[in-house]
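> First to last, the sequence lines map onto chains A and B. Each residue of the first sequence is one higher than the one before, counting from 1 in the numbering used here. Each residue of the second sequence is one higher than the one before, counting from 1001 in the numbering used here.
Mixed in with the good hints there might be a few duds.
[What the hints assert, rightly or not] Computed beta-carbon distance windows for the label pairs:
id : chain 1 : residue 1 : chain 2 : residue 2 : range
1  : B       : Ser-1177  : A       : Glu-13    : 39 to 45 Å
2  : A       : Lys-347   : B       : Glu-1078  : 44 to 50 Å
3  : A       : Glu-343   : B       : Ser-1177  : 42 to 48 Å
4  : A       : Gln-386   : B       : Phe-1122  : 27 to 33 Å
5  : A       : Lys-401   : B       : Gly-1198  : 55 to 61 Å
6  : A       : Pro-243   : B       : Phe-1122  : 55 to 61 Å
7  : B       : Ser-1177  : A       : Lys-347   : 47 to 53 Å
8  : B       : Phe-1122  : A       : Phe-14    : 33 to 39 Å
9  : B       : Asn-1055  : A       : Lys-347   : 47 to 53 Å
Hints are computed from structural coordinates only; laboratory data are not their basis. Cβ coordinates follow ideal geometry from the N, Cα and C atoms, glycine included.
Number of protein chains: 2
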Amino acid sequence: MRQSQLPNFVRKEFPKDEESYNAKILVRAGFIDKLMAGAYSYLPLGLRVLEKIENIVKEEMNALGAFEIRMPVLSPKENWEKTGRWKSFDALFKVIARDKKEYALGPTHEEIIIPLSQRAVFSYKDLPFSLYQIQTKFRDEARVKSGLLRGKEFLMKDLYSFHADAKDLDHFYEKVSRAYFGIFKKLGLDAWRVEASGGTFSKYSHEFQVFIEDGEDEVVCCPHCRFARNKEMFSSKQTGNCPVCKSSLEVAQASEVGNVFKLGTNYSGPFSLKYRDKNGQEKNVVMGCYGIGISRLMGVLAEVFHDKDGLLWPSSLAPFQAHLLSVFGSDAAVNKKIGKQAEEAYKKLAAAGVEVLFDDRKNKTAGEKLVESDLIGIPVRLVVSQKTGDKIEFKERSKEKTQLVDFSFIKNYLDR
Amino acid sequence: MRQSQLPNFVRKEFPKDEESYNAKILVRAGFIDKLMAGAYSYLPLGLRVLEKIENIVKEEMNALGAFEIRMPVLSPKENWEKTGRWKSFDALFKVIARDKKEYALGPTHEEIIIPLSQRAVFSYKDLPFSLYQIQTKFRDEARVKSGLLRGKEFLMKDLYSFHADAKDLDHFYEKVSRAYFGIFKKLGLDAWRVEASGGTFSKYSHEFQVFIEDGEDEVVCCPHCRFARNKEMFSSKQTGNCPVCKSSLEVAQASEVGNVFKLGTNYSGPFSLKYRDKNGQEKNVVMGCYGIGISRLMGVLAEVFHDKDGLLWPSSLAPFQAHLLSVFGSDAAVNKKIGKQAEEAYKKLAAAGVEVLFDDRKNKTAGEKLVESDLIGIPVRLVVSQKTGDKIEFKERSKEKTQLVDFSFIKNYLDR
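Work out the full structure: start from the sequences and follow the hints.
Shown next, in the form of structure tokens:
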């Protein structure tokens, strides 16, 4: 992608209307744009990161044997009345249409996926199965802050599983937990599985939390054995020592990037989602639901992967693998040579299948280009300038050292 | 994908609550599910088709040099008041939040993309550029009918272009039109470019229309020279002969799958989206907008590609390239051989990179499997049964002829 063609959303200063670091840096580096509190546009660089997160999540969902679907945003009031959530779900956005009918903007999709699944569930032979979607969700939050960590509108992966009994659900629940650890590892994040309140069917649910200063949750954790529980589960006098290994517990801010929840028959009941077992008896389907905050993850990643100069994307998530810069001086003849050499490198990298962002802009100084490159945070920076001769200057974003290399070095490095 | 794992959404009968053919067949064949009038879920097979349409559209947008972004669904009332559309846009869905603030659910995104683009536009050197998104759109339609052809909620590609002057817009407008013809050709559709009303900046806009019986529009067209104009543009007494070649005009129902529109400065004006020209003078940015109805296209494709037995997807859009069926009889030993042979064929096809749907279900008869296969409409059907011996029965969905073939024949056919 050529930066001379790309509208330049990178800013010289941090935005003044943001408090959280993730929003400040992602806006300044041109990844997102704030439309209003709690709602952001994903710009070309940001959308590339978002899609890489999506693809990592999709791969693991497909490996679980889950099937991808896409449900509507709007859903009828009646569905939400069946579960009592039209009244009880505080943050439900409600819409009144011209015909006076009322709709919810989906913050979660139990009320939609259960009647949908009814068409495919008759006998125990039709179970188990699981369906997921990656979709924009809505919450009428009273306070929105923390940039991508808490919005009125955000991207979620939500998975729903359907089982004949609690044992099969338990088995799948642990399988999803393992898949979640796999996803967060691929994203370069150290996620903890944290006990949280479980509702009526199960004592606990589990949240996957990443410890960051700006996190919206407080987590009580044991650094020794990795026991962790949401602070909300403790009364004010409790905490103290780890219930597992007796080491002392710590409390830290964290951001919830995923959760797994045993719904049991709490939602299948109201919708009469039933199946016939081997003896022909009708039973309620047993369900689980499992979320991952895709856009929140982008915020968490920005909180984790940065230094004083800007972002530092892990290569699996970076919008591009390499950032190629042509740096021009004042000598027209030399500039022509630099331009030609950089063009050749760009074409060779693209032909080799490397995702490369090419800063081919002629009206930017070396200083401007280098500052922007650090802000954007692509893992490898390649500079062609008067100083580099027939070679290319290679630098990893996370290191200080630069070296003059030829094309085969770059290719080998990126293929490693 | 194994059908034994996939929840079976295929139905024995057409749904009774649908009038249009596209909704009837897509629901019956398990591609979509109706949540309510005007809002459908995309089931695993349907989402695969939708994503193939998306990818064809994205390829052509990227080839135009447009950059993909993703804007929010919710947007603040103030933005819509600036252009007067908070009042004038009849089908605008409005939401009142808990804090009493009002938002629109985006039916189009001029009110969002213009303030967003302002951050990247200062001088004529920053122009031209174009940005697009593929996103769920909302319209508070009084009447929703025609299945995927007109919904409250639907998937659109919307592209916006930004230019220094009308000449540059004109040039890009024709380039987009050519890209649109390319897209519809890849989708196997004969789309006509139809003159439609153009607003204040341009006499005409253009719609891309596909002639189908259930189409929501009436188009006056000349089969001789392909002149076409939306019927709305004629007074009741007009029509008659073609203004270009004088042949007689015809009137037919059509569905609008795309449109291109010169906005000029109509929207950049209210938002003061300006740039400085070569002489340092401030001027309004000149804009165009260009839509493609992604989910509507799925409906149009179902209207165009079917026969009495079901769907007939072109291979570029089919959810899978091949549908492999194991057909079991009453002899357990023979069934074991059939099962093994079909498993081997599935693994070989998958290893060869073929997208294959495998009907490995043991509780379905030959008749049930063949009827479902015709409904789903994958271009190639492969049957392993007692009759096929060591070979595989090969049949194209669009033809009657079956033949016994070996694996290399199938591979060569699919690679062709």
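> Determine which of the earlier numbered hints do not hold for this structure and return their numbers in increasing order.
Of the numbered hints given earlier, those the structure breaks are 3, 7, 8 and 9, listed in rising order.
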